[in-house]
Amino acid sequence: RVPASLKTTRAVMDKFKTVLNIANQQTNLGIGMVALLTAGGEQIFSSVVFKCPCSQELNFVYGIVFLLVPALALLLLGYIISKKTWKLLTGLCCPRKGRSCSWRRLFATGTVLFQISTTALVAPSSWIAVALLNGNYFECAMTGVNASKARLCGGKASAELCQKELFRFPCGRGISGVPDADKDDVLLTLRAQSQILGWLLIASIMLSNLLLGCMARCASPISYLQLKFWRMYAQQESCMIDSFSAKHAKELAERNLKSFFNGTPPEDIKTPSNKDWEKISSLYKFSAKDHYYSTLHRYVERHKLSLHMRHFNKAER
Amino acid sequence: MQKLPADTMDNFQTVLRFFLNQKATIGYSFMALLTIGGERIFTLVSFQCPCNHDQNFAYGLTFLLGPAAVLLVLGLFFSTKLWRLYTGCCLNPMKLSFTSIFTGACVAPIMWLCVALLNGTFYECAVSGLDDNLVVDLFCKNKTMKCREELARVPCDRSKLSSDERMELLLMFRAQSQILGWSLIIIAAVVGLLGTCYTNCRSKVSYLQLTFWKRYVEKEKERFDAYAMDYATKLAERNLQSFFENKAPEAFPFPSHKAWEEISAHYTFSRSEQCYSTLQRCVERTDRETPPEKRPVLDSEYGMEMH
Chain E
1 RVPASLKTTR
11 AVMDKFKTVL
21 NIANQQTNLG
31 IGMVALLTAG
41 GEQIFSSVVF
51 KCPCSQELNF
61 VYGIVFLLVP
71 ALALLLLGYI
81 ISKKTWKLLT
91 GLCCPRKGRS
101 CSWRRLFATG
111 TVLFQISTTA
121 LVAPSSWIAV
131 ALLNGNYFEC
141 AMTGVNASKA
151 RLCGGKASAE
161 LCQKELFRFP
171 CGRGISGVPD
181 ADKDDVLLTL
191 RAQSQILGWL
201 LIASIMLSNL
211 LLGCMARCAS
221 PISYLQLKFW
231 RMYAQQESCM
241 IDSFSAKHAK
251 ELAERNLKSF
261 FNGTPPEDIK
271 TPSNKDWEKI
281 SSLYKFSAKD
291 HYYSTLHRYV
301 ERHKLSLHMR
311 HFNKAER
Chain Y
1 MQKLPADTMD
11 NFQTVLRFFL
21 NQKATIGYSF
31 MALLTIGGER
41 IFTLVSFQCP
51 CNHDQNFAYG
61 LTFLLGPAAV
71 LLVLGLFFST
81 KLWRLYTGCC
91 LNPMKLSFTS
101 IFTGACVAPI
111 MWLCVALLNG
121 TFYECAVSGL
131 DDNLVVDLFC
141 KNKTMKCREE
151 LARVPCDRSK
161 LSSDERMELL
171 LMFRAQSQIL
181 GWSLIIIAAV
191 VGLLGTCYTN
201 CRSKVSYLQL
211 TFWKRYVEKE
221 KERFDAYAMD
231 YATKLAERNL
241 QSFFENKAPE
251 AFPFPSHKAW
261 EEISAHYTFS
271 RSEQCYSTLQ
281 RCVERTDRET
291 PPEKRPVLDS
301 EYGMEMH
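Those sequence lines, one after another, are chains E and Y. Numbering-wise, the first sequence is residues 1 to 317 according to the UniProt record's numbering. Numbering-wise, the second sequence is residues 1 to 307 according to the UniProt record's numbering.
Keep in mind that the hints were calculated from the coordinates and are not lab data. A portion of the hints provided could be inaccurate.
Unchecked claim - Quick list of in silico lysine-lysine cross-link-like pairs, DSS-like style, CA-CA up to 27 Å: (1) 304/E to 214/Y; (2) 279/E to 234/Y; (3) 289/E to 258/Y; (4) 84/E to 258/E; (5) 228/E to 258/Y; (6) 228/E to 214/Y; (7) 247/Y to 87/E.
Please read all numbers here as calculations on a predicted model, not as lab measurements.
Just need the whole structure built from these sequences, with the hints factored in.
Here it is in C-alpha cells:
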C-alpha cells in the first residue's frame, strides 16, 4: 500500500512536469506563462536585490547592468533549454562526407536559428519591459548621465544645486539644499519617460511578433489542420523516442553486462547502425510532395523496401 | 466523512450544469473582471502622472492606448479563425474577410478603454497636458490667471492653485472622462447589436438549425483533437518500433495533402447540401479519390545518400 505522503508528492511532481511541458512547447499558453513568470521574478528581484548606489560614477553602469545582464542570461538560458539548438549544433563541426556546405544548407540553418531565437527572446524582452515599467533601473541609470542634467534640472529655482546633487536623488529624502518638490518632479519625469519607453517596447514587440507569425503561417506549405496534426505528431514522437531509447538502452546494457560477467558470447540483438542514427537526426522541413511528418518517418518509409528485401534474403538463407 | 444528502448533491449538479452551459457568458464576464482587476492594479502600482507640461499628454495617452493595443494583438493571436485563414495563404490566396476576426479581437481593448475612461485618472492626466489655446481657454474660463500655468500640475497634489479651484477642475475632467466612457460603451453595444442582427438576418438556416450547427462544429473540433492525438501516437509508435527493431513498418492509412487542405477551409452553409462542415462535405463526396498507396522506390537521391 502506497503511503499518502508519497502519493501527494507524486501528484505534485506530475503537475510540475505538466507545467514544464506546457512552458517548453511553443504554444501561446507556454509563452504567456514564461512572460508572467519573468515579470513576477523581476518584481521580486527589483524590490529585494536592487539598491541604487547614488554615486556619480556608478549610477549609470549599475542601472544598465541590472537592466541588460539578467536579460542576456535569460536569453542564453532560452537557447540552452531549447532542444532544437542541440539538434542543430551536434556534430556541426565534424565535416562529413557527402554533406557539402551549400547555400541551401546555410539558409536552412539560418531559418532554424531564427525560429529558436524568437522563442528564446520572450523571457528577456519581458524582463526589460517590466523593468522599464517599474522605473527603478532607468531612474538610477539616468541620474548618473552628465548629458541629461541640464535638461532635467532646467527651469527650477535650485537648478545649480539640483545638477550637482542629481546622482543622489534616487536614494531618498533629506538632500540638503534641494526642495523635496523639485526632487520629486525630476524623479517623476524620469519614471514617466521609462514607462513610456516600456509601453512602446511592449507594443512594438507584440506587433512585430504578430506580423512575423502571419508571414510565417502564410508561407507554410500545408494547411491549418495538418499543421496542428504535425505539431501533435512531433510532440508525441519526441516524448516516445525518450521512452523507446531508454527501453532499448536497458536491453542493450543488460545483454552486454550478462555477456561480460558470465563470460559467454553476447546474443544477437537488433540495434540501429550509426548511419541510421545519422539519417534521423537532421531537422525536418515539410515539403508538399511527400506525406512524411518527420525525418524518422521519412527514413522508415523509404527503408520499407530495403528491409523487405533484407528479410526476404534472410528467410531464403 | 458523512455523505452529503442526495438533494444537496442534485442541487450542486444543477448549478454546475447551468454554469457549464453558459460558457460564453462566463468567458466574457471573466474577461471583464480581469480587465477591471488589471486596470485597478495599474492605477495603484504603476500610474503616476508626471504633472509636467511636456509629458502629461504623452504619458496619459500611452497608458490609455498601450494596454488597448496589447489586448488587441493578444486577441488576434488567440483567434483560431485568423490562423485558419492565414495558414498556407501564399499558395492559395483567397478572399480574406477581416471583419469577423477583428470584431472578436476588439472586445477586450474596448472593455479596457471603457473601464479606464470611467475611472478618469488617465484622461485627466492626458488632458491637463494639452497645449492648445482653445482647449485651455475652455477649461480655464472664469478662473484665476494662474490656472493656465498650473493646469499641468492639477492631477498631483502639488499645484499652487486654491484647493477649491483644483477640485473644480478635477471634477470637470472626471465628468468629461466618464461621459466619454459611457458614450463608448453605448456605441459599442449598439454596433454589436446591429451587427449580430444583420448576421442573423442573413443566415441561410433557421434558428434551431443554427444552434445545432454551432454545437456540431464545437463537438467536431473537440473530437478532432482527440482523434488526431490518438492517430499521432499510433503513427509515432509504429515508426519508432520499426526503427529500433529494424523491421519493416506496417501499412498505415494517410489522408492526402489535398484532403487536409479541403477540410481546413472555412465552411459556408449552402442550401443544396446537408453538410455541417468541410469535413463532412469531404467525406460524403461520392467522387472522393482514395489516397494512392505510396510504394517506396529506390530513387537516385536515395542512392546518393548511401555513400
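Against the structure, the hints:
no.	hint	result
1	304/E to 214/Y	violated (44 Å)
2	279/E to 234/Y	holds (22 Å)
3	289/E to 258/Y	holds (11 Å)
4	84/E to 258/E	violated (36 Å)
5	228/E to 258/Y	holds (16 Å)
6	228/E to 214/Y	holds (21 Å)
7	247/Y to 87/E	holds (26 Å)
Hint compliance for this structure: hints 1, 4 are broken, all remaining hints hold.
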